[in-house]
Structures are given as structure tokens and as C-alpha cells.
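J.: Each chain is listed here by its residues.
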Amino acid sequence: MGILNKLDSRIEQFESGNIIITTADKLLNWSRLSSIWQMFFGLACCAIEMMATSASHYDLDRFGIIPRPSPRHCDIILISGTVTLKMATRIKRLYDQMPSPKYILSMGSCANCGGPYWEHGYHVLKGIDRIVPVDVYVPGCPPRPEALLEGLLKVQDKIRSQSIAKTNKA
Amino acid sequence: MEITEIYNILNTVFAEDALEIKTDLPVESFFIVKAVAINPVCFFLRDEDSLQFDSLSCLSGVDFDKDNLAVVYHLYSYVHNHKLTLKVIVPKSEPKVPTVSDVWATADWHEREAYDMVGLIFENHPDLRRILCPDDWEGFPLRKDYKVQEFYRGMKVPY
Numbered sequence: 001m002g003i004l005n006k007l008d009s010r011i012e013q014f015e016s017g018n019i020i021i022t023t024a025d026k027l028l029n030w031s032r033l034s035s036i037w038q039m040f041f042g043l044a045c046c047a048i049e050m051m052a053t054s055a056s057h058y059d060l061d062r063f064g065i066i067p068r069p070s071p072r073h074c075d076i077i078l079i080s081g082t083v084t085l086k087m088a089t090r091i092k093r094l095y096d097q098m099p100s101p102k103y104i105l106s107m108g109s110c111a112n113c114g115g116p117y118w119e120h121g122y123h124v125l126k127g128i129d130r131i132v133p134v135d136v137y138v139p140g141c142p143p144r145p146e147a148l149l150e151g152l153l154k155v156q157d158k159i160r161s162q163s164i165a166k167t168n169k170a
Numbered sequence: 001m002e003i004t005e006i007y008n009i010l011n012t013v014f015a016e017d018a019l020e021i022k023t024d025l026p027v028e029s030f031f032i033v034k035a036v037a038i039n040p041v042c043f044f045l046r047d048e049d050s051l052q053f054d055s056l057s058c059l060s061g062v063d064f065d066k067d068n069l070a071v072v073y074h075l076y077s078y079v080h081n082h083k084l085t086l087k088v089i090v091p092k093s094e095p096k097v098p099t100v101s102d103v104w105a106t107a108d109w110h111e112r113e114a115y116d117m118v119g120l121i122f123e124n125h126p127d128l129r130r131i132l133c134p135d136d137w138e139g140f141p142l143r144k145d146y147k148v149q150e151f152y153r154g155m156k157v158p159y
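In order, the protein sequences belong to chains A and B.
Under our numbering, the first residue of the first sequence is numbered 1, with each subsequent residue one higher.
Under our numbering, the first residue of the second sequence is numbered 1, with each subsequent residue one higher.
These are calculated hints, taken from the structure and not from any lab test.
Given the structure is predicted, the values throughout are model-derived calculations rather than measurements.
Treat the hints with care, as some may be off.
As the list claims (entries may be wrong) - Selected chain B positions facing chain A (Cβ under 10 Å, derived; list incomplete):
#, residue
1, Cys133
2, Gly139
3, Pro141
4, Tyr146
5, Val148
6, Tyr152
7, Gly154
8, Val157
Just so you know, even glycine gets a beta-carbon here, dropped at the ideal spot from N, CA and C.
Chain A extracted, bound-state conformation:
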């Protein structure tokens, strides 16, 4: 069974009857990481690679990553390109409108640190992490679809390790 392969080894399956025993965390995390809905949002040349990744060759759909036209439906924003200061205020607002848990993947050099605009780009935000918390950085200018997929798998890994129970860790 496909579902059973995706859940981890702690799952127990009974020989008869449709009963599966697992932890609530594992079940929740599995459902969350299998349907990461992304914001329908592109910024610059990285957005072209993002679209290529969405298209049939690389097929983001198979990971349950579907573009959604409203931030209220979304789990992740791919910051796909140069973030101007003018756009940064909009991104902050979109991020604030997303329901938790929410994730940010910073794609390409511009979103990571300003890229080629780091010195003379008066209008460019030198890294999206100055305004919103970033979960995964994907380097490249722009990153190839394989690199973006790797980054999204890292986001899945991150979700897989989360817990709904509050811990006392700082």
C-alpha cells in the first residue's frame, strides 16, 4: 500500500481488519507534508524555473504541491526571485495573511542575500530573511528545477520532524 510505505516504521498493521496504529504527530505531519500548497506567486527569472518545475517534466503535483491563488489557502511561499523593497512590503503582508503552520523557501541568490544587487541595488532587499523567517534556502542563479525539488524535499523533512505537542525546549 502506498500510504503505508510513506508512513514510518513505527506503524503497526494488524493482519485482519482495516486498522492502522500510528502517532498523531506522524499522521498529521504526513498529511501536511503531502499537500504543501504553494502561493501562486513569482518574482523574477527564478519564477520561470519555478514554473518549469511545476510543469510536466518535473511535475510538482506529484508531491502535492499545487499553486493556490489566495494566501489563506497556502502553506508555503516560494520566494522566487529579486525582492525589491517595494515588493517586500507586499510579501510581508501576504505572509501575515497565511494560516499557520507556514513555510518559506527562499529560491536563488537574490532572495537569499541580494544576489548581484548586493552592492549597488539601492532598491533591493538584501535577503528575504530580513523580513520573514526562512525555512530553506536554495542557492543558484537561478536554481535548476532539480535544486528547487531538493529544497522542497527539505521542507518536507522539516515538517516530518515537527510535533503538535508543546515541548519545554527553548
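Following the hints, put chain B in place on chain A, whose structure we already have.
T.: Structure of chain B alone, referenced to chain A:
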């Protein structure tokens, strides 16, 4: 039509000191037009049958030298297949140039960009707001003495 012929036509209509021809430079020849005359000169260039500059190819703002800004107009006539360059030079202390957006509608956004980037003020422009930078941006980024602001809405701007 050659630039000297255009100059002779303009000279019969406009005052002697309204425009000056520059042909001795290694670049393409151009006119330097007084700021006050630019709007009527452009109307004339557009409407005169033998000239018919029906297209403003480009309008650029320039940080010209230490004390001056300039506007450069590149005109083209699809009817006569000739072209012309005009320059208006104004002091940085009072960088006011009459708009030509009533002559060519193209000039509307070009003038907004020139205002946004080098701070030229186009008088009688219908909607002179910044076009690229945010409305609350400080300074004019393509001025040679531009210093970038430290923060924009709480976001640090320099690297």
C-alpha cells in the same frame, strides 16, 4: 530632412535664442532648447507638414554635470523617416521643465520616470508621481551624488 534644414525652419518661427544647434561634436547632432520653449517647439515639430515628428522614441532624464540636469528627447517621423534629438538643460537648483505629455502621450510615463530617477520637475504634467520607486522613497537614485537611505519602512537597505 537634415538637422540644419530643420534648424532653418525652426529659426523662422522661434526666437533666435530659443534653440541652439550643435553639429561639431563626435556624436549625432542635436539642438539645445531653452526650457521655456520646449513645449511650443515640440508642438511645431509634430504639426508642421514638412517635419511631422509623430513619435517620441524616448525621453530621458540625465544628471548632466555638476550643476545641471538635462532632458533628452529623441524624435522620429514615420511619415518622412527622419529623426531629431533635442536637449533641455536646467540647473539642479531649479530643475523645472514644461511637460510635453500634451504633445505626445508617450511622454507621460517617461516624464514620471525622469522625475522618479533624477528629480526633474515637469510643469503642467497631469500626474507627476513616482513610477518605479515607492511613493515614500527618499531621494533620486540616478543622481550622481545619491546616497542610499539607511532604512526603508524598518527594512535595512544597504547590504
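J.: Hint by hint, where does the structure go against what was stated? Just the numbers, ascending.
T.: Going through the list in order, the structure violates no hint and respects every one.
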